[in-house]
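**Q** Generate the whole structure from the sequences, applying the supplied hints.
Numbering (this note's numbering), first residue to last: 82 to 351.
Be careful, since some hints might not be right.
[Said to hold, decoys possible] The calculated lysine to aspartate or glutamate pairs, modelled on DMTMM-like cross-linking and capped at a C-alpha distance of 25 Å, are:
no.: 1; residue 1: 116; residue 2: 102
no.: 2; residue 1: 271; residue 2: 134
no.: 3; residue 1: 271; residue 2: 160
The set of hints was computed from the structure by calculation and includes no laboratory data.
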Amino acid sequence: MWMDRSFVKNQDNKREGHVGDLWMVHGGGFYKVEKMLMGPTEVPKVLHWFKWEAYWTWMSGMFLLIMMFYIDGGEQLVDSDLWAITGTQAIFWGLGSILVSWIFYDLLWESPLAQKEGVAHTLTILYAAGMIYLLCHTMFHRIAFIHVAAILGTWMVGNVLLRIIPRMKKMVEMSKKGEAIDPKWAINAKNRSTHNTYFTLPIIFIMFTNHFPNIYAHDHNWVLLILMTMAGASVRHYFVIREKDSLKAKIFAAIGILLMIGTIAASYEG
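**A** In structure tokens form, the structure reads like this:
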């Protein structure tokens, strides 16, 4: 996201499809990256695809979820004070929440509502908040947090596996044939990639909270989790826009920090 927002159009570059380039320093060397529009340019023989990082992360995470909490019949998932169900029912509830959440999210962003980003983003946020509330009121607290992270992680890998990569492959094939590319494919893939950026820090924060029972076992743990998620997204937004709008970026950084401080302070009360 940072790189994509940092490209500057090179007025001396007359190559068809040129969008911009970027100079970076890393590991003792200089790197020049150029962004090209797909379609009018010749497709290189070797293309590097960024997908297995997402696939293996999700597969390893789901493996750990099953081995740690499902393998014993799901008894660890149950909190009888919240919901009197069996371990097997809790497993179906946990896996079902992940699957249904992906279906809702994907259908929303494939629907005409995706053209109205403000509405679609609001519905996504409200749905995520609703799932946080439901899981924290139906599952054992620590494991409820983990399932929220699993939902966000599934949205991320689903975006890559089912939407971004297939559409990018179509765009590559069309470019090879010299045919026009539907700009909606690029816009959709970009939207999904942008979403993944904002899901990252909330997931990491949730991983950390499993070491802090004063957060996940709090009487209002669902509120703290929502605040943490908002904090993570705000901090991520700072990193995304800091090169283009320094003042706005600092405002979002301040919001994120205040939300984190508020979450920590509230976790020691009640």
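**Q** So, for every hint listed, does it hold in this structure?
**A** Comparing the hints with the structure gives:
no., hint, verdict
1, 116 <-> 102, "holds (6 Å)"
2, 271 <-> 134, "holds (18 Å)"
3, 271 <-> 160, "violated (40 Å)"
In the structure shown, a violation is registered for the earlier hint numbered 3 alone.
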